[in-house]
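Keeping their order, the protein sequence lines are chains A and B.
Under our numbering, the first residue of the first sequence carries the number 1, and numbering increases by one thereafter.
Under our numbering, the first residue of the second sequence carries the number 1001, and numbering increases by one thereafter.
In short, the hints are calculated from the structure, not lab data.
Hints may contain errors.
Stated by the list, open to error - Chain B residues, not near chain A, derived (Cβ > 10 angstroms throughout):
no. : residue
1   : GLY1036
2   : VAL1090
3   : GLU1365
4   : TYR1469
Said to hold, decoys possible - Some chain A residues near chain B, calculated using beta-carbon distances under 10 angstroms:
no. : residue
5   : ALA103
6   : GLY106
7   : HIS108
8   : THR110
9   : GLN117
10  : GLN119
11  : ASN144
12  : LEU156
13  : LEU157
14  : PRO167
15  : THR192
16  : ASN208
17  : GLY222
18  : LEU227
19  : ALA335
20  : ALA358
Claimed, not checked - Computed Cβ-Cβ distance ranges for the label pairs, DEER-style:
no. : chain 1 : residue 1 : chain 2 : residue 2 : range
21  : B       : ALA1109   : A       : ASP279    : 56 to 62 angstroms
22  : B       : GLN1117   : A       : ALA284    : 53 to 59 angstroms
23  : B       : ASP1096   : A       : GLY210    : 38 to 44 angstroms
24  : B       : PRO1122   : A       : GLN119    : 46 to 52 angstroms
Yeah, the Cβ is synthetic: ideal placement off N, Cα and C, and Gly gets one too.
2 protein chains.
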Amino acid sequence: MDTTATAAPPASAQPLYRQLAAAYRDAIEDGTLRPGDRMPSVRMLMQRHTVSLSTALQLCRHLEDEGWLEARPRSGYFVRRRLRARLPGVVEPAQDQAPDPAAFVGIHATVSAVIAQGQRYPAALNLGGATAAPEHYPTEALKNAVLRCLRQSPTLLTTPGSPNGNPEFRKVIARRALDAGIRMTAEEVIVTHGGIEAVNLALRAVANPGDTVAVESPTFFGLLQVLESLGMRALEIPTSPSSGISLEALELAIATYGNIKAVVVVPNLQNPLGAIMPDGRKAALAALCERNGIAVIEDDPYRDMHCRTTPPKALKAWDRSGNIIYCASLNKTLAPGMRLGWMAAGRWQARVAMLKFAQSRHNEEWSQIAAAGFMATSAYDRHLQRLREHLREQRERIADTVAASFPPGTRLSLPDGGAMLWVELPGGLPSRLLFEHALQAGIRIAPGSMFSNSQRFDHFIRIGCGHPYSPELDAALRRLGALTAQLLDGAGR
Amino acid sequence: MDTTATAAPPASAQPLYRQLAAAYRDAIEDGTLRPGDRMPSVRMLMQRHTVSLSTALQLCRHLEDEGWLEARPRSGYFVRRRLRARLPGVVEPAQDQAPDPAAFVGIHATVSAVIAQGQRYPAALNLGGATAAPEHYPTEALKNAVLRCLRQSPTLLTTPGSPNGNPEFRKVIARRALDAGIRMTAEEVIVTHGGIEAVNLALRAVANPGDTVAVESPTFFGLLQVLESLGMRALEIPTSPSSGISLEALELAIATYGNIKAVVVVPNLQNPLGAIMPDGRKAALAALCERNGIAVIEDDPYRDMHCRTTPPKALKAWDRSGNIIYCASLNKTLAPGMRLGWMAAGRWQARVAMLKFAQSRHNEEWSQIAAAGFMATSAYDRHLQRLREHLREQRERIADTVAASFPPGTRLSLPDGGAMLWVELPGGLPSRLLFEHALQAGIRIAPGSMFSNSQRFDHFIRIGCGHPYSPELDAALRRLGALTAQLLDGAGR
């Protein structure tokens, strides 16, 4: 890492001070600049980067706002000890014992109850979601793209759409997939009604009701609902917040139960853990499943929300035999209101195309054309860069406030991207209790009981980081921390 | 019927001469004016209806164009013998023997082959579809509704949509359902990605893989594909072009096989027959299924394309116990490019809502808002009236040309609405043969083999009537007739 930070990212549309801030932040994160170190003076910054006084000041104030620096009167700026450093990471799961046997999923009642309870407090600040606020998405540009498309081709509204999806959209998706290490043709892309339909179709293609499907534990409750609705059994595999699904536990499960039809994984920014599987583990997972005749369903809707210098690859990049069905969507990264998902189904391509046609036909055409137009340009890259930057800031500030306001024993692993934090409550405090008290205080969170068919994560909560940090959000987090302490005291008594 | 035809439809936006033409056509159809009868002279028409010479002339010429009148030199206009009267109706199915046992469906290969073959001739005139041409839909009005909606609320693109559908759209759907005799609240409406998703969800709610589902025979190939994709067995019940599914055969099947989980019916303008079940039979079907604990799935996407004075009612109007799941869409009646379907699931409401959420989440919001805005006004009624009028004309002219150009022994039942004709070829001529020869001649039709899991309808074709009648269409139909005669000769040799 070059601490002189003269190399700004080439295609960046960010103001100069933010480009410089990113470089200094990296220097702090990788330890080149350490807590207590003195920041170069404003005059030195002006000389070193050939920038104006105003830019140098903006740089320092921005890093201060973000909590990286603190100003000491008459001495200048110093690197601050990050509050969240006080929080230990979430406990890693044990990997040396076989997971619980597969079970039919009975999560719907739990999830419905949580959602219904939440809806009774419509005014509550919603920290239960995993979607960013609308201001983080290119609303105007997308609107203009849709308007342009419909003005040019209004009969798109009154003509049946293209089978398997709009050709231009499929082309852009295939081209963008190169960034994830996936080489596929536009013809391999099947457009779906959101990522969730893709996962449904993938499961229906490779497994039947009653079959066992291995999933990460904890996992996205939506996946558990899909398994429940399809009458499939879930085998929960311990999953690490740092390295993803445990290959050791998966191998043990294969050896112990031996009837696993498929495994569903979110290798990049796993929901709710935020784990990104290292390349080596991705390669090993792909090989393990191929060797054992287990189909892999990769759900990859969050990848573009990473904040790494080298973009994480899709698991599909290691697919050598068409054994991996790749599913993704634009729901989190571009437009939460557009139901645009897609998949590439490997050796199940024909079967998935048949199931998709029978299930819901093609998607509406103009959404695809509008998205394709936007995604074909560098405006999409600039949007993603901004989104990542905002989310990073929001995750870090929320983590800092959690560190400052939650009682000791609280644990949290800060992920390298995404819009959520997974928080372990101290003393095994049941998160449904906190969920209910928080709702009454006007705050909605997602209790850990939604993320597993077992009770293993009942003392976790997921906090959404999609909202810009604000005094209201700050107060809500502090209130959550105080409630946790209060409930913990009550429980201890 | 008042043959003086002074009472024009009140809310009509049609030119006067067309309103008058409709009344005279009714008089011919109900026999008040008979073939060979002399039409009132132009002068008499002017006096009787207080119209201009030009309107009276337009009236006569329009009826002549449509084939209702013929001009005899120096004698005026006479009611013409309709050509299609020469065609006998499709043979009614036998009802006194138990249907074939239920079987797993293997239609996908057939349908795919037909579709793939068709796609190899992209320039062919497509008479294989059941959708009307774009010019029959209110493209401009819908476009403006979408533009207005997105200009007003662009964040619809970047905010998750409403669960179960947009409230305004659900309200309009519930209000419009009154016209079909259905009383339901907006909360009962679940919006789906097209009618086909509704049928999928309904089947998944009431039956499991391996279960037997009774269907009409012949039936829409899309339904057979859904059953195949869900691993359910189809029990084909003989269905009459005049009165719909045979209750006698259904009762016999219940008595013989006794394991029927559900019956799927299209009671209004059945695809491909065009049958509208009489009220009495609808009531009897609802009662029969309720008595026998068989769930009813009503697929009703064509109802608004009827051309009857009294709108046909939905089967759901006779539902007393929540035993009927009602499915419909706007795909055929308003906007083939918008994937807007909906359902009301009776006693399976909660299960269907769960399945819909797990399968594909909510629909895109702006399509629903735009459709709701249009459907809330009388513009929608005017559109439907025009659509019905155009389709009636197209059906009749196509039927006339079929009657004039196909060899003797050809049969056809003219339905009271919709955009398709079901034609029985003479001499058991295999329709796949005609399909293939027609493709080479640049004409696409739907062969009867797509509409049943059996071979029973292999000598039928479905002709789409969605295109405005044109010299090109006329020539195509005559060519089809000539090809049929030719192939019949070849087969006879």
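The hints, checked one at a time:
no.: 1; hint: GLY1036; in the structure: holds, 42 angstroms
no.: 2; hint: VAL1090; in the structure: holds, 27 angstroms
no.: 3; hint: GLU1365; in the structure: violated, 6 angstroms
no.: 4; hint: TYR1469; in the structure: holds, 19 angstroms
no.: 5; hint: ALA103; in the structure: violated, 18 angstroms
no.: 6; hint: GLY106; in the structure: violated, 12 angstroms
no.: 7; hint: HIS108; in the structure: holds, 6 angstroms
no.: 8; hint: THR110; in the structure: violated, 13 angstroms
no.: 9; hint: GLN117; in the structure: violated, 15 angstroms
no.: 10; hint: GLN119; in the structure: holds, 9 angstroms
no.: 11; hint: ASN144; in the structure: holds, 9 angstroms
no.: 12; hint: LEU156; in the structure: holds, 5 angstroms
no.: 13; hint: LEU157; in the structure: holds, 5 angstroms
no.: 14; hint: PRO167; in the structure: violated, 13 angstroms
no.: 15; hint: THR192; in the structure: holds, 8 angstroms
no.: 16; hint: ASN208; in the structure: holds, 7 angstroms
no.: 17; hint: GLY222; in the structure: holds, 7 angstroms
no.: 18; hint: LEU227; in the structure: holds, 9 angstroms
no.: 19; hint: ALA335; in the structure: holds, 5 angstroms
no.: 20; hint: ALA358; in the structure: holds, 4 angstroms
no.: 21; hint: B:ALA1109 with A:ASP279: 56 to 62 angstroms; in the structure: violated, 41 angstroms
no.: 22; hint: B:GLN1117 with A:ALA284: 53 to 59 angstroms; in the structure: violated, 45 angstroms
no.: 23; hint: B:ASP1096 with A:GLY210: 38 to 44 angstroms; in the structure: holds, 40 angstroms
no.: 24; hint: B:PRO1122 with A:GLN119: 46 to 52 angstroms; in the structure: holds, 49 angstroms
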